[in-house]
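**Q** Since the structure of chain A is provided, determine the placement of chain B on it from the hints.
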Amino acid sequence: MRMYIQTFLYKYIVFLYRIQEKKFDFLYGYRYNNYHSRIEGQQKSQNGVFMIVRKYMKNFLKYKYLLKELVVKNIKLKYRRSYLGVLWTLIEPLLQMLVLTLVFGTFFGKDDPQYPVYILTGRLLFGFYSSATKAGLKAVSGNASMIKKVYVPKYIYVLSSVLSNFVTFLISLIVLVGVAAVLHVKPTIYLLEAVVPLLILFVFTIGCGLILATLNVFFRDIEYIWSVFTLLLMYASAIFYQPTKIINSGNSWIFDINPLFMCIANFRNAVLYGQPMQMSYFVTSSAFAFVSVVIGVILFYKNQDKFILYV
Amino acid sequence: MQKDVAIQVKDVGIRFHLSQERVDNLKEYMIKFLRRDLKYNEFWALKDISFDILKGQRLGVLGLNGSGKSTLLKVVSGVLKPTAGTIRTNGVIAPLLELGAGFSPEYTGRENIYLYGAVLGYTKDFLDEKFDEIVDFSGLGKFIEVPVKNYSSGMKSRLGFSIATVVEPDILILDEVLSVGDKKFRKKSENKIMSMFDKGVTVLFVSHSLEQVKRLCDQAIILDSGRLVAHGPVEKVARVYKEMTE
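These protein sequence lines are chains A and B, in that order. So the first sequence is numbered by the working numbering: it starts at 1 and just counts up by one. So the second sequence is numbered by the working numbering: it starts at 1 and just counts up by one.
Extracted from the complex, chain A is given alone in its bound form (with noise of 0.2 Å):
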C-alpha cells in the first residue's frame, strides 16, 4: 500500500513538474520531453526570459574586474595631482556646509543650533544625486573612443561612473558623522534605517543615468538641459530651508513628485530627528526607484547597438 502511494506521488509531482515545464517554457526558452533532449533544446534556442538574464549575468562576472577598476580610476584620477588628493571628498561638503550655514543660517536656522547638519545631509544627498547623474549622462558619449574600438557591454561605463560617486559619497559621510557628534546629534536606533533611503537613491540614480546616457549619445543638449534642472531641483528639495515651509504654502507637491527630496527627509529622519521613516515618502522613492531603472534599462538595451554610429 506505501508502496503503491509513494509511486502515485511520484508520478503526480513528476506530471505536476511537467505542466510547469509547459507553462514557463517561455521563460526557458526551450521545450523538452524527457531528460535526454534537454541538452539538445537548450543549444537550440536562448531566447527564454532566464536564458538571457543567465548570459547576461555570465557576462557581467566577466566585466566584474573591470568594472572594479573603471571605479577606482574615476576616484584616483579625480584626486590626482592635488596635494590633499581624497581627503577634499570630506573637505569640500565641510567648506559648502559652513558657507551655506553663513548665508543661510540667519534666515532659516535661528534657533537650530544642529541647522548645520540639516544642511549637510540635503547637500551630500544632493551632491551625490547631481554629480552622479552628470557623470553618468557623459558616460557613453564621453568613452567613444573606446567603445568604438573594443567591445566592453555598455553599461558598465554607467555603472562605473555612479558606483564611483556613490564610493566618495560613502567616504564623505565621515564629515556627517564628526559634525554630528560635534553638535550633539544623538544616534538612535532608527540611525539603521539610514541605509534604506541611500540604496534607494542609488538605484533612483542608476535608472536616471542610463536614461541620460542613452539621450545624451543622440541629443548633446541633454547635458546643458540637465545642468539646469538639478539647479531647479536643488531648490525644490528643501536642502536649506524646512519643508514645511513649501508646505504650509500650499504647494507640497512639489515634494509629492521628488524622490530626491523624499531620500532626503527619511535619511533626516533616521541621522538627524531620530524618527522612523515616512513610509509614504519610502514607498513613493521606491517606485520611482524601480521604475526609473526600468525604464533605464529598457531604453538603454534597445538604443545600445546605435550608439556607435552616434557618438
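Just so you know, nobody snuck in bad clues.
Below, in silico cross-link-like pairs of lysine-lysine (DSBU-like), each with a Cα-Cα straight-line distance of 30 Å or less: (1) Lys-3/B <-> Lys-47/B; (2) Lys-55/B <-> Lys-62/A; (3) Lys-55/A <-> Lys-124/B; (4) Lys-55/A <-> Lys-3/B; (5) Lys-134/A <-> Lys-76/A; (6) Lys-78/A <-> Lys-138/A; (7) Lys-78/A <-> Lys-124/B; (8) Lys-58/A <-> Lys-10/B; (9) Lys-148/A <-> Lys-192/B; (10) Lys-187/B <-> Lys-55/B; (11) Lys-78/A <-> Lys-64/A; (12) Lys-3/B <-> Lys-192/B; (13) Lys-32/B <-> Lys-148/A; (14) Lys-64/A <-> Lys-81/B; (15) Lys-58/A <-> Lys-55/B; (16) Lys-58/A <-> Lys-76/A; (17) Lys-148/A <-> Lys-187/B; (18) Lys-124/B <-> Lys-199/B; (19) Lys-55/A <-> Lys-55/B; (20) Lys-10/B <-> Lys-242/B; (21) Lys-149/A <-> Lys-55/A; (22) Lys-76/A <-> Lys-124/B; (23) Lys-149/A <-> Lys-81/B; (24) Lys-149/A <-> Lys-134/A; (25) Lys-81/B <-> Lys-58/A; (26) Lys-148/A <-> Lys-10/B; (27) Lys-3/B <-> Lys-58/A; (28) Lys-242/B <-> Lys-55/B; (29) Lys-3/B <-> Lys-81/B; (30) Lys-124/B <-> Lys-62/A; (31) Lys-148/A <-> Lys-78/A; (32) Lys-76/A <-> Lys-149/A; (33) Lys-142/B <-> Lys-192/B; (34) Lys-130/B <-> Lys-149/A; (35) Lys-10/B <-> Lys-62/A.
To spell it out: a stretch of chain B is covered by chain A in this simulated footprint if at least three of its residues, at any positions, have a beta carbon under 8 Å from a beta carbon of chain A; those stretches are: (36) 67-81; (37) 100-108; (38) 115-127.
It should be emphasised that the hints constitute simulated quantities derived from the structure, not laboratory data. In this text, a Cβ means the ideal position worked out from N, Cα and C, and glycines have one as well.
**A** For chain B alone, coordinates are given in the frame of chain A:
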C-alpha cells in the same frame, strides 16, 4: 556550428544611415520631425557576407579603401553589431586593432596594464601573473611608472601590443599592426605572431599589401563596396585581386 569552425559569418550586413546634415540637437530634430523631413540615405557597408574560417586557417581580407574591411573586423570582434545576419566565434579572440585605444593618458604604464587588461576581459590574477612578461616584452623598463600621456606613439603601441598578445588566443584579428614601433620591436612582434601561427591560431588579417597577405595567409577574400567578390586559396584570390587593381 561544427567543432572545427573558428569563425562563422553568415549573411552579414551592416547598414549605416547617412543623413545629409547631422541632426544631433533637439531643436533641429523636433523641427525636422514635425516637418517629416528626417531623411536618411541608406548605405550598406557590408552586404550578404558569408564565409567560414576553419580552425588554424589564416584568412587575409583584401580590398580597396572603403570596401568594408575594417567594418568587417569590427563586426567580428564584436564592436559593431550586424544589422542582418549572424556571427559566431569559437574560442578566445585577441583583437589587435588600434593598439592602446583603451589607455587612460593620466595613468602610468603599470596602471594601464591592469586597466587595458580588464577592458580585454582578463582577470586580476592573470594580470598579476603576466605583469613581468608584459613589461619585459614591451621593453619599456623604468618608463612603466611614467604616465602614458608622456609616451611616444611607438611606446604606446608597444605596450598595447604586449598586453593584447600576452593571452594565448585561439583567434587573432590583425589590422596591419605588424608595423608597430621601431625595427627591433617590429621583428620581435613578428616573431611573436609567427610563434602563435605555429601553435595553430586562427587568423583574420586585413591589409592593403598583397605581399603581406601572401606571406602570412593561406586563404583570402576580396571585398568590393561591401560585397564579397572572391573567396579561396590565397594564390588564386591574389591573382584576381591583381587583375582588379590594375
